[in-house]
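Student: In case you want the letters, here they are:
Protein chains: 6
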Amino acid sequence: MKQISTGIQGLDELLGGGLPKGKCILVVGSPGSGKTTLLMQFLHKGALSGERGLYITMDEKPEQIKENFLSFGWKLDKLEKEGKIAFLDATPIRVAKSVYRTEDKVLISTDFLRFPELTLEGLIRTIRKIIDEENIQRIAIDPITTFVLRYSQISKRRKALLYFFDSLIESGCTSLITTEMRTGELERSFQIEEFLSQGVILLHTIIHSSNVIRAIQIEKMRGIQHDTQLRPYQITNKGIEVYPKDKVF
Amino acid sequence: MKQISTGIQGLDELLGGGLPKGKCILVVGSPGSGKTTLLMQFLHKGALSGERGLYITMDEKPEQIKENFLSFGWKLDKLEKEGKIAFLDATPIRVAKSVYRTEDKVLISTDFLRFPELTLEGLIRTIRKIIDEENIQRIAIDPITTFVLRYSQISKRRKALLYFFDSLIESGCTSLITTEMRTGELERSFQIEEFLSQGVILLHTIIHSSNVIRAIQIEKMRGIQHDTQLRPYQITNKGIEVYPKDKVF
Amino acid sequence: MKQISTGIQGLDELLGGGLPKGKCILVVGSPGSGKTTLLMQFLHKGALSGERGLYITMDEKPEQIKENFLSFGWKLDKLEKEGKIAFLDATPIRVAKSVYRTEDKVLISTDFLRFPELTLEGLIRTIRKIIDEENIQRIAIDPITTFVLRYSQISKRRKALLYFFDSLIESGCTSLITTEMRTGELERSFQIEEFLSQGVILLHTIIHSSNVIRAIQIEKMRGIQHDTQLRPYQITNKGIEVYPKDKVF
Amino acid sequence: MKQISTGIQGLDELLGGGLPKGKCILVVGSPGSGKTTLLMQFLHKGALSGERGLYITMDEKPEQIKENFLSFGWKLDKLEKEGKIAFLDATPIRVAKSVYRTEDKVLISTDFLRFPELTLEGLIRTIRKIIDEENIQRIAIDPITTFVLRYSQISKRRKALLYFFDSLIESGCTSLITTEMRTGELERSFQIEEFLSQGVILLHTIIHSSNVIRAIQIEKMRGIQHDTQLRPYQITNKGIEVYPKDKVF
Amino acid sequence: MKQISTGIQGLDELLGGGLPKGKCILVVGSPGSGKTTLLMQFLHKGALSGERGLYITMDEKPEQIKENFLSFGWKLDKLEKEGKIAFLDATPIRVAKSVYRTEDKVLISTDFLRFPELTLEGLIRTIRKIIDEENIQRIAIDPITTFVLRYSQISKRRKALLYFFDSLIESGCTSLITTEMRTGELERSFQIEEFLSQGVILLHTIIHSSNVIRAIQIEKMRGIQHDTQLRPYQITNKGIEVYPKDKVF
Amino acid sequence: MKQISTGIQGLDELLGGGLPKGKCILVVGSPGSGKTTLLMQFLHKGALSGERGLYITMDEKPEQIKENFLSFGWKLDKLEKEGKIAFLDATPIRVAKSVYRTEDKVLISTDFLRFPELTLEGLIRTIRKIIDEENIQRIAIDPITTFVLRYSQISKRRKALLYFFDSLIESGCTSLITTEMRTGELERSFQIEEFLSQGVILLHTIIHSSNVIRAIQIEKMRGIQHDTQLRPYQITNKGIEVYPKDKVF
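Line by line, the protein sequences are chains S, F, H, U, W and P. So the first sequence is residues 1030 to 1278, counted in my numbering. So the second sequence is residues 1030 to 1278, counted in my numbering. So the third sequence is residues 1030 to 1278, counted in my numbering. So the fourth sequence is residues 1030 to 1278, counted in my numbering. So the fifth sequence is residues 1030 to 1278, counted in my numbering. So the sixth sequence is residues 1030 to 1278, counted in my numbering.
Hints should not be assumed to be uniformly reliable.
Identical copies carry no separate label here, and so any pair may be met within one copy or between two of them.
What the hints assert, rightly or not - Derived pair list, reagent style PhoX-like, types lysine-lysine, alpha-carbon separation capped at 25 angstroms:
hint : residue 1 : residue 2
1    : Lys1090   : Lys1158
2    : Lys1090   : Lys1074
3    : Lys1110   : Lys1158
Hints in this document: simulated from the structure, not taken from any laboratory.
Hey, can you work out the whole structure from these sequences and the hints?
Tutor: Below is the structure:
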């Protein structure tokens, strides 16, 4: 199986070379664990090595996300202008805001929750169109949570996830998708996305005898041999750094 | 990214200078952990350094909140009169009370739960109006909980929070928003607000071998490098004091 | 902020003088932790120092409550006759019983659950009337639980609590309100009342290596500096005794 | 407050003399913890000292319960014939069975769940009638659980319990009521009955480093001074034996 | 009280002779803990000592169950032919399959969930009929779970269980009934069947510092004195072996 | 009872020879624990020793699953062409996709959740047809979860599982079925499938003092004597390797 670099040297080592090309990989992490940084690093690496990337924001607006990486020296705006990284705003407020602004004076008591949402098919078609037109090879989706929560029935949620992951795989791109880790416990309940994706990278924030410790763990990676242990990592203004030989405590 | 002082020296140190300007930051704490004090200190600091502040009360009435800081020597009434700190009463009982009083004799069996509530759009419009008219630069909202609970469906709750946070960011102000920590356990389940905001400051009250310990932790702060450890803090009548070099135990 | 004695010397020390006058304070405790004793001690102290008290029973009948303090030498009946402590029976069975007795022979299959309940507005009006007529300065409400459970929706429950607490504060009285601690774990989930009140006193019953230990903790007390640690206490027939310098284990 | 012997010497010591006369006391225990034995011992003691007892079975039939005490040498049948202990069958199957037998041949597909149940008022009236006619002074109700579960809404459940407890207190009898402890954990969630009754005796079955240990604890006993610690106990064929000076481990 | 041998010497010792004759005893165990083996051993012992047994399968088909004991040398087929052990297939698929087969060609899209189920009354009548005709003295029911889950309301579930247990007791037979232990934790929540039956034998599978340990515990046994500790046991191809003097760790 | 090799030498040792022929065995594991690898190894072994296998995919498409084993040197494509291993695509997206493609231009806003699903009867008939036509002897179903979640009522879920397992057993094949382990805790709640199947193999991923440890455990295996302890295992590119004599820590 062909493997591609994540842009994080230590993580590539844990993976025995890099992510399996063409697969759908989850990045599961707690708040502030660096999920977005890992994704941007993945796209940045691709952009530098000739693989075009697409960043799909599901919660925050693209401008805000780019702004947070100003201190990283990654020149995202330049890469965007050169067509090396594209941004797709798929936030639920995107639609609401455009309506809200137009009719600000008229719609005083409008319930913003009633504005139309992007459907799953609509999102998939839009992604495919951009992939074709822009020749995308790496996809980052941040996060899948809002999308998953639309389906309150667990069996429908599974079906939608399978359908979405399958569509991404068919595109031939390698995808990193973030999802929210629900608890800070190491012995936690697993989330359904972890079973349905082809790979899972966990970004733990552990409180161990009053020390806060960041630990990365490759829980699952279909088709390749990989390290399975908890490994320390840091978030610096050069991105995520993984220490693939160290133990967390 | 530009950073502004929180008014708490030790906390500014943990943040590597202060809060990221123009962002929406959560303050998550247990009962009595000093959430309100932290917010008032933030506005007080702004008022002294020429940045006007807006305090929005979602539960308690402004008078009661101000009364609690009488012993702090912050002269909130004076700052309010000088237009340096404005107070907005957005409590659910505000409307109910004004009706109740007028019609005290008549409406014997009125169900106070039926009085109209401030809508999300209404609240946003009111905040924007005050920001424009009063030239506000710092916002404190205390707490977001009542507002969040209006939406029982988790997907609508996320959407409302994203919409609200986005509106605050668009205003250009720096916002501190409190939310209630649901448990005293360090290994806790994360709350959805923590994933949706751009920064999270945790105010823990830990019971460690029968000692009650206060610990502050910057869980997340987009765009800046920051300390990630648990640090001791105290609440004195000068406000919150953080010890940025110490360990909690 | 003016402070008034609780009638418990050790607790007054923990509070740095006493309860903040005019506020609404929660007493949260497990079964048998002495919540009712603490409230009665508070009213008894007031009665002796010229502050009239009102005891509002929400579960048990006033006679039964008074009977439990016969061995305490507090002469509650005398104080009641002198108008120094008033009792208000706000139990749900109060209404049911009066109907039941009258029509004992007739209403064989009556469902007692259908009898009318005291409404929130009705309760507030009754309390205000007594406060005005009897010149009450201290209020004890035991417990708030039945009242809170009427509202199954969490957002309505918050609103009702805010409205109720606010009405008590407007009366100018200092109020102690009991609520049931749901678990014996120290690392517990917080209850919404703790966030909405202006002060919280916890009465823990801890099982520590097979010893049962009583510990009092001031979790929150707006506007005053206070001790934050767990402190041992006992229930004797002179009331609650707090040891403000000791550690629990 | 007058106190009466439980029939268990060690327990009387823990209570500083015995149960408070005329009150409603809960016995909370795990399966096999001896709840029924404790109640029968209480009635047996009463019968020997001239206080007539009423045993109300809510789950099992009286004959089965009596059969279990054959090896105890308490001569329950004799005491019943002498009118010293009465048995009331208030099981849900009592009604169903009498109908079922009569119409055995006819009612092939009858749903036994549709048979009429004893109402709360009906039960109270029946109990009062027996108390008056038989001059009862001690009541044992085993267990309250089935009764409590009829009310799925928590606020109605509280109301029904308050009403029931109050009716028992008005009768002037001393009542012991069993309820099921839901968990084997010492740090457990409290059950609402524990807050609403006037006394609570806990019968724990603890697994401590693979040893099964029985421990009795007086959690609550209004109006009297009592021991608060966990104390070992055993179930022998003379009844429950409590070791009031010992520690459990 | 008369006691009968379980067929397991060590268990008989823990019981001080054997099971109480004519009672309804629960066997609660985790998956693979040997519940079915214990029941079969109980019937096998009876068959050898002249007490006829009835095995009622609620999940698996009788043939499959018998097949699992081929290596035990118990000659179940022979005992069945001699009328010493009878098997009753009360599985939910029994009815469905017989219909399904008959109409295989016609009913293509039939929802098998709609086939009629055995009612409680139907099951009881069938059992009684077999008991009378076959002169049964020992009953094994494996497991009660499917039956219990039919009643989603907890109060109806209790009522059905009481009714069922009572019917078995009235038959004069001694019954062993399995139920599923919901968790591998020693400090677990109790299940309602444990409170309603007259005896409970627990088959724990404990993971203690990475060792898997089997432990039997008599939690409850009305009317007889019994051991209360955790005791080790093994499952061999001679059946269950209990070590009544040993500790588990 | 006849036993057949799993293809994993160490696991065969734990089983005392291999899986019981003709039974339905569950493989329960966390994400990335090697469930799919174990199943494929089982079919591969069968294919090499003359037993034809059927792999039924319930989530992922057969091509993706085969792709993940390219590095294993198992030549699945060759075995498939030779008719030694058959693949059945029973994923919920299978139907949806075929419709979607045909009508891509027309059905813009189609809700993919409305496409018809394979019914239980349909699935069973299809499996039986393949078994008959292809002379299948080993079946792998991966995973049962999606199928189980269709039935939200627990009693219907049990019934469907019993019916499905029974149909597989009637076919005479030996079946391995994966299911998702819901938690990483060793002391976990059991899942209903574990009680209903005839054997359960657990694939644990344990975090023990910051080390991630893989442990296999035979929880249940009807009809054969087997090891019951936790044993370490690894996933290499030759498949799963079990160390049947070692302890996990």
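Student: None of the hints should be skipped; say for each whether it holds.
Tutor: Results for each hint:
no. : hint               : result
1   : Lys1090 to Lys1158 : both (20 angstroms within a copy, 24 angstroms between copies)
2   : Lys1090 to Lys1074 : within (22 angstroms within a copy, 30 angstroms between copies)
3   : Lys1110 to Lys1158 : within (19 angstroms within a copy, 36 angstroms between copies)
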